[in-house]
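Chains as they are written, first to last, in numbering that gives the first Met the number 0: chain R, 0 to 200; chain C, 0 to 200.
Since the hints were made in silico from the structure, they are not lab data. Among these hints, one or two may not hold up.
Any copy, or any two copies together, can satisfy a pair, since identical chains are not distinguished.
[What the hints assert, rightly or not] In silico DSSO-like links for lysine-lysine, alpha-carbon gap of 30 Å or less:
(1) LYS197 <-> LYS26
(2) LYS174 <-> LYS134
(3) LYS26 <-> LYS134
(4) LYS126 <-> LYS197
(5) LYS116 <-> LYS126
(6) LYS26 <-> LYS126
(7) LYS172 <-> LYS197
(8) LYS123 <-> LYS32
(9) LYS172 <-> LYS126
(10) LYS126 <-> LYS60
(11) LYS32 <-> LYS134
(12) LYS126 <-> LYS174
(13) LYS32 <-> LYS60
(14) LYS126 <-> LYS57
There are 2 protein chains.
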Amino acid sequence: MSYIVDVLLFDDFETLDVFGPVEILGKLPDIFKLNFISIDGEVIESSQRVRIESNLYKEEKDVERILIVPGGNGTRENVSDESFISFIRELHNRAKYTLSICTGSALLAKAGILDNKRATTNKKAYKWVTEQGEKVLWVEEARWVQDGKLYTSSGVSAGMDMTLGFIEDILGKAKALETSQRIEYIWNEDSTYDPFYKLYE
Amino acid sequence: MSYIVDVLLFDDFETLDVFGPVEILGKLPDIFKLNFISIDGEVIESSQRVRIESNLYKEEKDVERILIVPGGNGTRENVSDESFISFIRELHNRAKYTLSICTGSALLAKAGILDNKRATTNKKAYKWVTEQGEKVLWVEEARWVQDGKLYTSSGVSAGMDMTLGFIEDILGKAKALETSQRIEYIWNEDSTYDPFYKLYE
Numbered sequence: 000m001s002y003i004v005d006v007l008l009f010d011d012f013e014t015l016d017v018f019g020p021v022e023i024l025g026k027l028p029d030i031f032k033l034n035f036i037s038i039d040g041e042v043i044e045s046s047q048r049v050r051i052e053s054n055l056y057k058e059e060k061d062v063e064r065i066l067i068v069p070g071g072n073g074t075r076e077n078v079s080d081e082s083f084i085s086f087i088r089e090l091h092n093r094a095k096y097t098l099s100i101c102t103g104s105a106l107l108a109k110a111g112i113l114d115n116k117r118a119t120t121n122k123k124a125y126k127w128v129t130e131q132g133e134k135v136l137w138v139e140e141a142r143w144v145q146d147g148k149l150y151t152s153s154g155v156s157a158g159m160d161m162t163l164g165f166i167e168d169i170l171g172k173a174k175a176l177e178t179s180q181r182i183e184y185i186w187n188e189d190s191t192y193d194p195f196y197k198l199y200e
Numbered sequence: 000m001s002y003i004v005d006v007l008l009f010d011d012f013e014t015l016d017v018f019g020p021v022e023i024l025g026k027l028p029d030i031f032k033l034n035f036i037s038i039d040g041e042v043i044e045s046s047q048r049v050r051i052e053s054n055l056y057k058e059e060k061d062v063e064r065i066l067i068v069p070g071g072n073g074t075r076e077n078v079s080d081e082s083f084i085s086f087i088r089e090l091h092n093r094a095k096y097t098l099s100i101c102t103g104s105a106l107l108a109k110a111g112i113l114d115n116k117r118a119t120t121n122k123k124a125y126k127w128v129t130e131q132g133e134k135v136l137w138v139e140e141a142r143w144v145q146d147g148k149l150y151t152s153s154g155v156s157a158g159m160d161m162t163l164g165f166i167e168d169i170l171g172k173a174k175a176l177e178t179s180q181r182i183e184y185i186w187n188e189d190s191t192y193d194p195f196y197k198l199y200e
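Next comes chain R alone, as it looks inside the complex (with noise of 0.2 Å):
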């Protein structure tokens, strides 16, 4: 079993919110084939100045997908782009699962993605997420959520424990643990511990 993981950039994403992932992702080449896409195809500049090539999202038969959506301060403006939007919900409707960070559980609001559906987002932006989808049932401490294909997790770090614990889902707790260690991470693994909800409370 292998997939093709897109990573969605766009300027001004969150660096943490794509490389935490990336690297989690990335120590299990022979299952995850990292594949950084932009709407054009262009160089795209993150919020603390990285620039990083991506490629246009390409069709490919006979391959399972995952998406991943990162927040960050480029979100503000992606939610008023129907077209960014739209691109979205294509790129979810193919991927077998579909996987948010931080602000990016905005867009995926934004695009109706998660109506009916539980999902978590950044404590500190709460009140303008949630805002982007009505219908969303909102959990606010939380430090990612799954229902179905659909994994949010809270602000930027929280991405890297939510990656784990998608692994432990599809691939058991034993390689989370080992990709973890791998990687000197002391993993989070209780997805409802969330000691920031109360910071902005």
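On the provided structure of chain R, position chain C as indicated by the hints.
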């Protein structure tokens, strides 16, 4: 007070070694000006196939600099590349602080920068790294080690904890905690707590 932070990229660097610290320092853009450099200023590809634009190193007057040296598979070749090792020695001499992550300390060791200094590194690659510097006072059990202007961390993710520890040292604990909260990172703030070194004894 502000610093140019020279983040040294080379092919096959470990993605999170760079982008963990970059995420954290990038949250304080008035203090830390991130500058991605490589020896030839070309596009660099990480071990996880991320392709990143880099600049040449450029001297500037009246500015203090910080050097970040990641690890990764690329270090295995680079320790034998004399011009690369000289380049690191020169960057280090001009820097007020030098921080290495994971096997990045093999490069510093090879350059003689760590001689008679306390330092640590990745725990799985411990034997190989420590062979690169016989005069180094290697510390096996540590999340990170500080000695004078030098900071060295354990594997990959430990670089994030070290970077927050570095911020604590130069800007105070409140700033480090605030920064960790902004990225919802559960900071492992005890530099002596290292759950990974025992895995490879």
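Hints versus structure:
In this homomeric assembly, LYS197 and LYS26 come within 30 Å of each other (Cα to Cα) only across copies, at 21 Å, whereas the closest approach inside a single copy is 33 Å. Taking the shortest Cα distances, LYS174 and LYS134 never come within 30 Å of each other, neither inside one copy (35 Å) nor across copies (37 Å). Taking the shortest Cα distances, LYS26 and LYS134 never come within 30 Å of each other, neither inside one copy (36 Å) nor across copies (32 Å). Only within a single protomer do LYS126 and LYS197 lie at most 30 Å apart by alpha-carbon distance; the minimum there is 14 Å, versus 44 Å between protomers.
Proximity of LYS116 and LYS126 under a CA criterion of 30 Å is satisfied intra-copy only: 18 Å inside one chain copy versus 49 Å between copies. In this assembly of identical chains, the alpha carbons of LYS26 and LYS126 lie at most 30 Å apart only when taken from different copies (21 Å versus 35 Å within one copy). In the homo-oligomer, the alpha carbons of LYS172 and LYS197 lie at most 30 Å apart both inside one protomer (29 Å) and across protomers (20 Å), since each shortest distance falls under that limit. For a Cα distance limit of 30 Å, the shortest separation of LYS123 from LYS32 across copies, 25 Å, qualifies, whereas the shortest one inside one copy, 32 Å, does not.
In this assembly of identical chains, LYS172 and LYS126 lie within 30 Å of each other by CA distance solely across copies; the values are 28 Å between and 34 Å within a copy. Within a single copy, LYS126 and LYS60 get their C-alpha atoms no closer than 40 Å, and across copies no closer than 45 Å, so neither meets the 30 Å cut-off. In this homomeric assembly, LYS32 and LYS134 never come within 30 Å of each other (Cα to Cα): the closest approach is 33 Å inside a single copy and 41 Å across copies. Within a single copy, LYS126 and LYS174 get their C-alpha atoms only as close as 36 Å, which misses the 30 Å cut-off; across copies the closest is 25 Å, which meets it.
For a Cα distance limit of 30 Å, the shortest separation of LYS32 from LYS60 inside one copy, 15 Å, qualifies, whereas the shortest one across copies, 44 Å, does not. Taking the shortest Cα distances, LYS126 and LYS57 never come within 30 Å of each other, neither inside one copy (35 Å) nor across copies (43 Å).
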